[in-house]
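S.K.: Given next are the chains, with one letter for each unit.
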Amino acid sequence: MQTDGKSDIQPANPAGQQRPALWRSLRGTDIGLWAVVVALIVFFSLAAPGFLSWTNFLNVLRQMAVLAVAAFGSSFVIFSGGLDLSIGANAALSGVLSAMAARELDFVGGAPISWAIGLLAGAAFGWINGTIVTRFHISPIIATLGTLTIGRGLALLLTGGVSLFGVPEAFQGLGRGFIIPGILPIPVGIMIVFLIASWFALRRTTLGMYVYSIGGNEEAARLSGVPVRRVKTWVYVIGGATAGLAGVILASRLGSGQAASSEGLELSVITAIVLGGASIAGGSGRIGGTLAGVLIISLLANGMNILNVPPFYQRIVTGLALLLAVGIDQYRKRRGARQGAKPATSTGGGSKP
Amino acid sequence: MLGANGAGKSTLVKILSGAIKRDSGEIVFDGEPMNAASPHDAADRGIACLYQEPALVPSLSVEQNIFLGRELQIGWGVIDLAAQKRRAHDILQQVAPRLDPSGPVHALRTSERQLVALAKALLSDSKLVIMDEPSASMTDAEIEFLFETIRRLRQGGKSIIYITHRLDEVMAVTDSLTVLRDGRHVVTAPTASIARDRLVEMIAGAHIDPFERPARAANSKQLLAVKNLTRDGVFSDISFEVRAGEIVGLAGLVGAGRSEIVRAIFGADPADAGSVSYPKGDVSVSSPAQAVAAGVAMIPEDRKTQAVVPAMTVAENIILSSADHCSIRPFGIVRRAAAREIVSRNVRRFNIRPSGCEDRRIDTLSGGNQQKAVLARAIESGADVLILDEPTAGVDVGAKAEIHRHVENLAASGKGILLISSETEELLTLADRILVIHEGRLIREIEGHSTNALELTQSVLGEYGRKVADAD
Chain A
1 MQTDGKSDIQ
11 PANPAGQQRP
21 ALWRSLRGTD
31 IGLWAVVVAL
41 IVFFSLAAPG
51 FLSWTNFLNV
61 LRQMAVLAVA
71 AFGSSFVIFS
81 GGLDLSIGAN
91 AALSGVLSAM
101 AARELDFVGG
111 APISWAIGLL
121 AGAAFGWING
131 TIVTRFHISP
141 IIATLGTLTI
151 GRGLALLLTG
161 GVSLFGVPEA
171 FQGLGRGFII
181 PGILPIPVGI
191 MIVFLIASWF
201 ALRRTTLGMY
211 VYSIGGNEEA
221 ARLSGVPVRR
231 VKTWVYVIGG
241 ATAGLAGVIL
251 ASRLGSGQAA
261 SSEGLELSVI
271 TAIVLGGASI
281 AGGSGRIGGT
291 LAGVLIISLL
301 ANGMNILNVP
311 PFYQRIVTGL
321 ALLLAVGIDQ
331 YRKRRGARQG
341 AKPATSTGGG
351 SKP
Chain B
354 MLGANGAGKS
364 TLVKILSGAI
374 KRDSGEIVFD
384 GEPMNAASPH
394 DAADRGIACL
404 YQEPALVPSL
414 SVEQNIFLGR
424 ELQIGWGVID
434 LAAQKRRAHD
444 ILQQVAPRLD
454 PSGPVHALRT
464 SERQLVALAK
474 ALLSDSKLVI
484 MDEPSASMTD
494 AEIEFLFETI
504 RRLRQGGKSI
514 IYITHRLDEV
524 MAVTDSLTVL
534 RDGRHVVTAP
544 TASIARDRLV
554 EMIAGAHIDP
564 FERPARAANS
574 KQLLAVKNLT
584 RDGVFSDISF
594 EVRAGEIVGL
604 AGLVGAGRSE
614 IVRAIFGADP
624 ADAGSVSYPK
634 GDVSVSSPAQ
644 AVAAGVAMIP
654 EDRKTQAVVP
664 AMTVAENIIL
674 SSADHCSIRP
684 FGIVRRAAAR
694 EIVSRNVRRF
704 NIRPSGCEDR
714 RIDTLSGGNQ
724 QKAVLARAIE
734 SGADVLILDE
744 PTAGVDVGAK
754 AEIHRHVENL
764 AASGKGILLI
774 SSETEELLTL
784 ADRILVIHEG
794 RLIREIEGHS
804 TNALELTQSV
814 LGEYGRKVAD
824 AD
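Those protein sequences? They're chains A and B, same order as listed.
Under my numbering, the first residue of the first sequence is numbered 1, with each subsequent residue one higher.
Under my numbering, the first residue of the second sequence is numbered 354, with each subsequent residue one higher.
Mixed in with the good hints there might be a few duds.
Said to hold, decoys possible - Simulated coverage check for chain A against chain B, where a stretch passes if three residues somewhere in it have a Cβ under 8 Å from a Cβ of chain B:
id: 1; segment: 115-123
id: 2; segment: 224-237
As the list claims (entries may be wrong) - Think about it this way: if two alpha-carbon atoms lie no more than 30 Å apart in a straight line, the pair counts; the simulated DSS-like pairs of lysine-lysine are:
id: 3; chain 1: B; residue 1: K374; chain 2: B; residue 2: K438
id: 4; chain 1: B; residue 1: K374; chain 2: A; residue 2: K333
id: 5; chain 1: B; residue 1: K657; chain 2: A; residue 2: K333
Unchecked claim - Computed beta-carbon distance windows for the label pairs:
id: 6; chain 1: A; residue 1: I316; chain 2: B; residue 2: R682; range: 49 to 55 Å
id: 7; chain 1: B; residue 1: N805; chain 2: A; residue 2: W127; range: 27 to 33 Å
id: 8; chain 1: A; residue 1: R230; chain 2: B; residue 2: K374; range: 45 to 51 Å
Just so you know, these hints were derived from the structure itself, not from any lab.
Quick reminder that beta carbons are idealized off the backbone N, C-alpha and C, glycines included.
Full structure from sequences and hints, please.
M.R.: Listed below in structure tokens is the structure:
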């Protein structure tokens, strides 16, 4: 049930092959986690009038999209044993750059270019993080603490500390538009695309396998011929690109570039990933878990808003939820380790896929 | 105390110092039965133990390290700094008068750290000090100073158990000696009563018959050529080659530099001079990934920390080095059918048990089966040369025989094998040629089928050829 690193590369397993693999990944994450999601929905449906409606459902999805996109990218970083504290600053800087570009490119077809510029700026920011970590051997927490501060400073410098308004109408399409009018907002569509792409990359490609192997035992991965440096650089690029995109979506929704936006995004992202069952030490975790973590955070925020819980209390509740979830998980792992510590030849123990 | 690698010296010491429990038998210390529950307990009773790598806190000072865990207190946890200073001074006078008690330990050399550890041992008024190969990383001058300290301690009424591989040291500093071999006691006698060459025989054991095995591969293709490879202060001027179908053994004491040499060949550590030509050409290799691309794979020394990824499945561990070969470029999408085929082929070939373990976490398997999976990974990388660093360490007898058979089959199929083993028996069973590494130098090359355990042990100890000189 816990992160047992179940492989997708395995001999034919007739029972497991019938359901789509993505579904198995979501379900295999942790039943307890999805039980919490369901419990939250049931609780708020009963307690908060207006929670259970299509409008609010879309609202939750749209609100969580920004966090989810950033969290999917950052999952690569954390699963590989890294950490990126700079994604909030990265999102703000990329959002500002994108908005600035949009003001310059005020012609038909200019908006997509400015969105792409924001995404690429985020990727470049991530590449710098990855390079600092892999080439200069500075620990990820220090390296990204440094770039966090620099990034935030650059964003403030570019905007002069004020909100950057006057972006063209078209720029706002990414955050406010719909793929299917009234049903599927663009940010939610992007979230779904990134969910599938991240799951695929982590479970079915060599990159994903290398990410888990580096997080699980970096020295073993290195001595097996895994290009550790390149993979570690790539995970920061991926985490940076998704942070940049999250920043662009946010800027587009707000219709302005703001240097102070996405403050604390990194902490929400880490909270979501850890809630999703990943170890901060790396080597474990699933993209389905990250999705569940983002859902829990977003449902809590949305439900408490409807219940008019003051924001100060909301923070306390979110913090408690994190400690509770990780505490329960640790408790179960210890108990599991004590009971099922039979290694080697016992035929039981291996959890069913 | 003397004995070859794996003779049981360290285990015996750990039992004496309370670090591990004995199964049976009795220890009498100072006239009384001794049952130390922990190293701390043993120290309280007067047995102190010094390990090769002293367990000190680098950021603390010499004085703080000496008193760590046994601080002299005024009361309520407040340290009596003045008393500690006096006491540290007294103790350091005995073992290392030149050492600054307030200097940080991280600034000290390994030999000086040994002395700090010794001072720590003396703090609890130990009657017996056990030193486990203290000289392994010391220079001659440092060793001489250690000997002076030992003699001073002996005059002060302390007893010392000194473990070493160097016969010179035994002759220089001990009164009596004990030899262990294969976990058994061979002899205990006054040092002066035993001739040096007789001592080597006792360490090596009775197997002095040449090992019966036909010679393999004479003039096949050269796969790996190492020329003048040097890493300053670790090994120097190492040259040899490995041919197709050949098993080349590296013999030597623990710490002689064998693992360091193969790590340099494999790109895991940098080399300062020399060159290596690889099976797939004269490429420059500065990372293991490049070495694998150049046709070399390695099974590292420590399975747990360097080879397996415990949280991953057996299948993922096997495929790790070859996932690239069975994926669709440029995105590296793994073709699952191909990957599955590689995994099940290897599970069958190496008989990795229990059956159906492919999607179980690898750390639920026994050591021998984990090692077979690691071997499968190395082979599937497509390497022509396999470096095996202690491939059977910590595996059971059955798995060991299986691994030996696989290694021989691999050589028969044209792979070149570079085998590090601390087991004389294993080298004699498998290797066509044995290169002897002593203190970072290649001192001898022996034909595997024409040597015997005695000759090999003599060489490993650096004693080969000096028998004649001593006999004069």
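S.K.: Does each hint fit the structure? Answer for all of them.
M.R.: So, going through the hints one by one against the coordinates:
no.	hint	result
1	115-123	violated (count 0)
2	224-237	holds (count 6)
3	B:K374 - B:K438	violated, 36 Å
4	B:K374 - A:K333	holds, 29 Å
5	B:K657 - A:K333	holds, 21 Å
6	A:I316 - B:R682: 49 to 55 Å	holds, 50 Å
7	B:N805 - A:W127: 27 to 33 Å	violated, 59 Å
8	A:R230 - B:K374: 45 to 51 Å	holds, 47 Å
Checked against the numbered hints above, the structure violates hints 1, 3 and 7; every other hint is satisfied.
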